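Same order as they appear, the protein sequences are chains A and B.
Throughout the first sequence, residue numbering follows the working numbering, covering 11 to 553 in sequence.
Throughout the second sequence, residue numbering follows the working numbering, covering 11 to 553 in sequence.
Simulated from the structure, these hints should not be mistaken for laboratory data.
Check each hint, because a few of them may be wrong.
Note that the list lumps identical chains together, so a pair holds whenever it fits in one copy or between two copies.
Stated by the list, open to error - Below 27 Å or equal to it, Euclidean Cα-Cα: the simulated DSSO-like pairs (lysine-lysine) are:
| id | residue 1 | residue 2 |
| --- | --- | --- |
| 1 | Lys-399 | Lys-551 |
| 2 | Lys-233 | Lys-293 |
| 3 | Lys-399 | Lys-521 |
| 4 | Lys-348 | Lys-399 |
| 5 | Lys-291 | Lys-456 |
| 6 | Lys-482 | Lys-233 |
| 7 | Lys-66 | Lys-451 |
| 8 | Lys-399 | Lys-455 |
| 9 | Lys-447 | Lys-69 |
| 10 | Lys-293 | Lys-89 |
| 11 | Lys-94 | Lys-190 |
| 12 | Lys-482 | Lys-89 |
| 13 | Lys-460 | Lys-69 |
| 14 | Lys-482 | Lys-96 |
| 15 | Lys-500 | Lys-455 |
| 16 | Lys-500 | Lys-88 |
| 17 | Lys-285 | Lys-486 |
| 18 | Lys-451 | Lys-277 |
| 19 | Lys-136 | Lys-69 |
| 20 | Lys-136 | Lys-451 |
Bear in mind that the values here come from a model prediction, so they are computed numbers and not experimental data.
There are 2 protein chains.
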Amino acid sequence: MDFKECGYSLANKEQMRKTSALTFQSTEKDAKKDTHFENLMTNLSNAYASDLLPFKDGKDLTECFLLQVVDILLHYIKKSFDVKSKILDFHHPHQLLEGLEGFNLELSDHPESLEQLLVDCTDTLKYGVKTGHPRFLNQLSSGLDVIGLAGEWLTATANTNMFTYEIAPVFTVMETILLKKMYEIIGWGETEGDGIFSPGGSISNLYGILIARYKQYPEIKRKGMTELPCIVLFVSEQGHYSVKKAAAILGIGTDNVIEVKCDERGKMIPAELEKNILQVKRKGQTPFCVTATAGSTVLGAFDPLQDIADICERHGLWMHVDAAWGGGLLLSRNYSHKLSGIERANSVTWNPHKLMGVPLQCSAILIREKGLLEACNQMQARYLFQPDKPYNVDFDTGDKTVQCGRHVDIFKLWLMWKAKGTSGFEAQINRYMELAKYFYKVLKKKDNFKLVFDAEPEFTNVCFWYLPPRLKHIPKGFERDQELQKIAPKIKAQMIEEGTAMISYQPCGDKVNFFRMVFSNPATRQTDVDYLIDEIERLGKDL
Amino acid sequence: MDFKECGYSLANKEQMRKTSALTFQSTEKDAKKDTHFENLMTNLSNAYASDLLPFKDGKDLTECFLLQVVDILLHYIKKSFDVKSKILDFHHPHQLLEGLEGFNLELSDHPESLEQLLVDCTDTLKYGVKTGHPRFLNQLSSGLDVIGLAGEWLTATANTNMFTYEIAPVFTVMETILLKKMYEIIGWGETEGDGIFSPGGSISNLYGILIARYKQYPEIKRKGMTELPCIVLFVSEQGHYSVKKAAAILGIGTDNVIEVKCDERGKMIPAELEKNILQVKRKGQTPFCVTATAGSTVLGAFDPLQDIADICERHGLWMHVDAAWGGGLLLSRNYSHKLSGIERANSVTWNPHKLMGVPLQCSAILIREKGLLEACNQMQARYLFQPDKPYNVDFDTGDKTVQCGRHVDIFKLWLMWKAKGTSGFEAQINRYMELAKYFYKVLKKKDNFKLVFDAEPEFTNVCFWYLPPRLKHIPKGFERDQELQKIAPKIKAQMIEEGTAMISYQPCGDKVNFFRMVFSNPATRQTDVDYLIDEIERLGKDL
């Protein structure tokens, strides 16, 4: 059987029901084949998972079922990229829990037919959010890369685990190659560099701080922290919350994370860092690590890495750079200078699933000193990491991680790199930077929009308020803020209700709710930027 | 365009090259359509990722490319289930690094053609390990579930993030439903239960211990562990190494994990646990948590949960049950009694990606007391978890986790549950238990095989040595052990070399390398069991 036999389009439930009612028009001459195919189609309504492979006669049905799933997915992909389609069809949690037009999420003791499963797949996508839509601008990770998607489909099919070369030979070698590529791009020397892919930037940041602690106090691994002095780390007040989270988990405590003041652009002020370090020392506590941010979440700020590296060197502190968001910029010759000094870091978090557009999840923790990662985490489980294997067991990565089993996050990145080359990533990222500049220029000209920081954007984040006419003439101050605070949530709620666009908002420090525009979606065009501005005005002007 | 236009089979590189050289025989009448299709085919060798969506004319090419990827995957799936195909085509790491017959893993600055990417996909699978093969018995997670696979393909296409209901409305509600189902199965009351899906059992165990610590010392979150007494946890000597790993990460220290002695079956001895607790208290240290194991990794042992629960109650200790491997057995009415007492646990790790056969990764941490998970982990990041959203923000799960972004691991499990019903999982698991009993009975009759523990298996693990004729008559003791230690690795190396089967081995305590057979692969049949025994004899008899 090939695609021809199973080939028809299942755009929606109605169409599917029609199809399974045998309205399919075959162009094949072979009557026998036709009958076989028609039987499979009829069977879907009374065929079950147990009829699929590994059931011995399940080969054709398996192929037929999977091709129909793929047809649903292809239809969804095309719709995702279609600017005229809605981003979402919003429903409240209680509506989904109660069930919607035959979409029942409850689970039963008994199996459902394969036909019902296809309907469920269609409905799952129908009530979800099209994160690949050109006007989905809600997160740092957005867009749908077709090559990355193909990579994920293959990864799911291979269904293996990164812990040993034994069962993931190709993927573990790909990881080695990609990590090396990333060390080189950071600017580390040939003999430096170690790392691993982890389940997201928060875990990568946790790794950085864990290794920093291990480097200074290796005995903690065995003895714990009880007998230690109070150790302290530093991050800017605009740094990601995962740094505090890591401190809580590691037993360091959030009180021992000092938030260093930022300038008005959101960059850590080096003099403030040094002042904080000296204060901590004076209190008899022990500084051990600074987390600098390269591309902050809300404002897109880059901390001054060279200055921070100087301070870390002066005080003997580990320098971790959280470049989860900004790391991708290293691939652009025009903009990589913004991360100048990253080569002096002891560890770096870099999420290819953000700026580089790799499907979720794909995050790397990179450590400059070889051997630390393994020394810190290894437990030498003999049932997995036998020394008497027939290959070079250095490729068994499982003893370097905080996990045991580890999802294969590498193949999609590898395939995308093959597909685009470094130059393809560069072109894509440069385009985001141009879009951000364009957006800034347009906003600047409009007197009902106000920029949170009025200068050409440093990164692809552009933060701004929309001021409805009735607020424009209230002078800046508490009264206006009270009202302005409510504007972004109201516009966003309406956008979601209508499904026209998605953009995030938040308060920050003393600034009330503002929108954060961010470019990392390859489908977004200048026309979508123009649309978004018009849409905000349309939804906000009478608020 | 539908499947017919793009429909042809790409079994291997040669075939693909032929196809792209336009040897495809269309049965379509429409000459225009034919030309369009043929153009796309020709184009693959000089088409690039940048020609795919979101490029404005990329729709047909995108569909064509993805369908060809799917064709490669379908071919692989059918081969995986074919007992006559090799499980792997073994090569050493240096061979993969150097490149194999046109499979070059190095990355370049420039893009490769779509045709080359398809070749790379084929090669990636060719040099990998078929974990769905009926004779892949190497890990606790094995097999390829077709419904789960379809679920993963959809998940990848939806490419979203679990942290907010806002961008994952269907998936977050599905998680709520599945967690509730799991609390019910564990036997917790209606008002109890909280939980989250995490990136694997090690992280789930870390959650259990983290929450246990938080419950007793909530101030650690802020203040860290420095001012605390030395806190101690307990796990059996057969428990998973992730418990020690978690202690190292959390700043508790591996020295403060007491390994409790087991009986000869690998079960924790309750009297030993109590003795250890009293010893620790006498030393002035503070016990806070016991991790019991339900289904140990190597021997498949179940700790006596009721007895352990009694001891935990008596001493006021948190009881965590690591049921990563054994949890699935709760779905079998015949065997769930082996986990009797799990309803008294404070937290449970349960990995549907193991016994239940869900594709990697899918692991849950379940906590009996509501609210603790969020209280322990929340950081209230205002850019993600805005309180002024237009829906019930209880469904934003991101503040419960140790992560920020979180992969969607729920849909494949939800779809499999719909597809099989609870009864389908039960039947599958019962079959594994029967296979284990069968395997045990066959081995028992053979005098060149020796069981590590000679009694009917408790779970699907069956551990055994193969004794080549020359060792059979050496008396038990150091000399025989020295030789026996080398047998399993040699047989395994030969199996890998020939690609006929995969089964793990390890030493354990004072026992030298033995094989661990384990049943969790739905494709494995009794004939594969017979084959494996013959294969071990064939490869081992002259060693």
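Within a copy, between copies, both or neither: which one fits Lys-451 and Lys-277 at a CA-CA cutoff of 27 Å?
So Lys-451 and Lys-277 pass the 27 Å test inside one copy only (22 Å; across, 69 Å).
Cα distance capped at 27 Å. Does Lys-66 pair with Lys-451 within a copy, between copies, both, or neither?
between (64 Å within a copy, 26 Å between copies)
Quick one: Lys-399 to Lys-521, C-alpha cut-off 27 Å, is that within a copy, between copies, both, or neither?
between (59 Å within a copy, 18 Å between copies)
Can you tell me if Lys-500 and Lys-455 fall within 27 Å by alpha carbon in one copy, between copies, both or neither?
Classified as within; 24 Å inside a copy, 74 Å across copies.
As a check of your reading, is Lys-136 near Lys-69 (CA-CA no more than 27 Å) within one copy, between copies, both or neither?
between (29 Å within a copy, 20 Å between copies)
For the identical chains here, do Lys-348 and Lys-399 meet the 27 Å Cα criterion within one copy, between copies, both, or neither?
Cα proximity of Lys-348 and Lys-399: none, with 45 Å in one copy and 35 Å across.
From the Cα coordinates, with 27 Å as the cut-off, is the pair Lys-482 and Lys-233 best called within, between, both, or neither?
So Lys-482 and Lys-233 fail the 27 Å test inside a copy (61 Å) and across (45 Å) alike.
Could you figure out if Lys-285 and Lys-486 sit no more than 27 Å apart (CA to CA) within one copy, between two copies, both or neither?
Classified as neither; 33 Å inside a copy, 69 Å across copies.
At most 27 Å between CA atoms: does that hold for Lys-482 and Lys-96 within a copy, between copies, both, or neither?
neither (31 Å within a copy, 72 Å between copies)
If the cutoff is 27 Å on CA atoms, where do Lys-500 and Lys-88 land: within, between, both or neither? Let me know, please.
neither (30 Å within a copy, 52 Å between copies)
Within a copy, between copies, both or neither: where do Lys-460 and Lys-69 come within 27 Å Cα-Cα?
neither (61 Å within a copy, 38 Å between copies)
From the Cα coordinates, with 27 Å as the cut-off, is the pair Lys-399 and Lys-455 best called within, between, both, or neither?
neither (67 Å within a copy, 30 Å between copies)
In the structure shown, a violation is registered for the earlier hints numbered 4, 5, 6, 8, 9, 10, 11, 12, 13, 14, 16, 17 and 20, in ascending order.
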